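*Asks:* Sequence:
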Amino acid sequence: MNNKPHSLTLRLALLFALLAFASVITLGVCLYRELERELIRRDDAALITRVDQLRTFLNDSNTLDLIKSKPALFQNMLGNRESVLVIGATGQKPLLVVNPGRLDLPNLSPVTMDHPLVLADVQHFSGVDGVPFAALAATIDSGDLGSLQVVAGRLMTERTSVLANYRIRVYLLAGVAALLLAVCGYLLLYRGLLPLRRLAKHAHGIGVGNLTERLDNHGAPLEVQPMIDAFNGVLDRLAKGFVQLGQVSTDMAHELRTPINNLLGETQVALQQNRSVEAYQQLLASNVEELERLARMLDNMLFLARTDPASALRQRQELDAADEMERMADYFEGLAADVGISINAHGSGVIWAEPMLLRRALANLCSNAIKYGAPDSELVVNATPSSEGISLRVSNHGATIAPEHLPKLFDRFYRVDESRERSAQSNGLGLSIVATIMQLHSGGYGVTSENGVTCFELFFPGRNRNE
1 MNNKPHSLTL
11 RLALLFALLA
21 FASVITLGVC
31 LYRELERELI
41 RRDDAALITR
51 VDQLRTFLND
61 SNTLDLIKSK
71 PALFQNMLGN
81 RESVLVIGAT
91 GQKPLLVVNP
101 GRLDLPNLSP
111 VTMDHPLVLA
121 DVQHFSGVDG
131 VPFAALAATI
141 DSGDLGSLQV
151 VAGRLMTERT
161 SVLANYRIRV
171 YLLAGVAALL
181 LAVCGYLLLY
191 RGLLPLRRLA
201 KHAHGIGVGN
211 LTERLDNHGA
221 PLEVQPMIDA
231 FNGVLDRLAK
241 GFVQLGQVST
251 DMAHELRTPI
261 NNLLGETQVA
271 LQQNRSVEAY
281 QQLLASNVEE
291 LERLARMLDN
301 MLFLARTDPA
311 SALRQRQELD
321 AADEMERMAD
331 YFEGLAADVG
341 ISINAHGSGV
351 IWAEPMLLRR
361 ALANLCSNAI
371 KYGAPDSELV
381 VNATPSSEGI
391 SLRVSNHGAT
401 IAPEHLPKLF
411 DRFYRVDESR
421 ERSAQSNGLG
431 LSIVATIMQL
441 HSGGYGVTSE
451 NGVTCFELFF
461 PGRNRNE
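For the sequence shown, UniProt numbering gives the first residue as 1, with consecutive numbering after it.
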């Protein structure tokens, strides 16, 4: 199978040539039909005129003498080998037969004397080698001979030749027009597509080292500008993603270095000399904590990488807010009770979301609230519906977060203080996952922290707004 790409310029040029050929042929056929009808009308009119002249010429008492004495007169009236003239009484031997071409005459119904001759009286037949043959039969009052029948006919060789030459010229003209239009179309298209070749050359030069460069739409055709804008939009997203990827890689390297260095350092120290069983157990327990931290970090990174926006949008459904709030309270009841935190969960309305993603976002917020909440305090989880959607809030009592940290809390690997960075329970990805989930739902997210109360808010748009 040939997968070689075809030239758009060549294809359009051939299409133009085909259209030109079809247009000229169509016009030629129409003109040909008109010319054919006009020639037929002219030949039929000439045949009618000839019979009318014979009617007038033979309408006297000297018809028989005239035919016998001057037969050449009638032959001269016809003038060529393609004409036929027969004069005679019905059922008797013809008085005059002029048929130099020895053409076969068909049976004809004569037109009566009191009937004026019209074009419809002329009858057409297929003659020699397909050449049309026109004939007309009419009765004549000759006086002494009574009623005679005149049959006049003609083989339309000249007309056939004219039409054949016309057809050949139409085909030649159509071919020349198609060829000229193909060449001109190819040259014009080649020149017209020059901006595309320039853009392709420019785009080919854009790489990792110059992602900030954009295609220039100055002087580009209007039809190409949407493509340029779309390509520049792709470059904007690629540049942003590349910067984010570089930042994530740097953050991951930094985050992975700490637990790896801890594991490596503690293990090397333990191997320098013999230790007690209790020391080795403490070392293994410390290593387990670091490994669990690494496992959680990798799990969260895989979640962020694998989340499919299209799949999340297809699996959204209407969820009862009260049930979801109660589900969170039941799930974290034991963990909160261990640190003396009580959970107050309530709400109403409908949440239009993908169930697993919604629960993971709420779980991350509740987990953080319990982790950093003040002992013997209350964790409030509620849902408040509105005309545009529904707002979910998770509030806890604890240390107030400084305003300069609030905009960065949802960034990957961001933590507020050193104590959190040293915590084996934190890897700086929980809130980043929440932000990703809300972006998939075209929703909003935010955080406030005042007077010892930190409140995270998620907004899920209603079904109509999403659709």
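Since the hints were made in silico from the structure, they are not lab data. Note that the structure is predicted; figures quoted are calculated from it, not measured. Do not rely on the hints blindly, as some may be mistaken.
As the list claims (entries may be wrong) - Keeping only pairs whose Cα atoms sit at most 25 Å apart, straight-line, the calculated PhoX-like set for lysine-lysine is:
1. Lys240 x Lys408
2. Lys240 x Lys201
3. Lys371 x Lys408
What the hints assert, rightly or not - Listed next, with one range per pair, are the computed distances between beta-carbon atoms:
4. Leu256 x Thr384: 28 to 34 Å
5. Asn451 x Gly334: 25 to 31 Å
6. Asp236 x Gln282: 49 to 55 Å
Quick reminder that beta carbons are idealized off the backbone N, C-alpha and C, glycines included.
*Asks:* Each hint: holds or not?
*Replies:* Outcome of the hint check:
1. At roughly 17 Å between alpha-carbon atoms, Lys240 and Lys408 fall within 25 Å of each other, so this suggested pair holds.
2. Between Lys240 and Lys201, the direct Cα distance comes to roughly 23 Å. Compliance with the 25 Å bound is thereby established for this hinted pair.
3. At roughly 19 Å between alpha-carbon atoms, Lys371 and Lys408 fall within 25 Å of each other, so this suggested pair holds.
4. Taken as a hint, the range 28 to 34 Å is violated for the pair Leu256 and Thr384, whose Cβ atoms sit roughly 40 Å apart.
5. The beta-carbon spacing between Asn451 and Gly334, approximately 29 Å, falls within the hinted interval of 25 to 31 Å.
6. Against the hinted window of 49 to 55 Å, the Cβ-Cβ separation of Asp236 and Gln282 comes to about 52 Å, which satisfies the hint.
Checked against the numbered hints above, the structure violates only hint 4.
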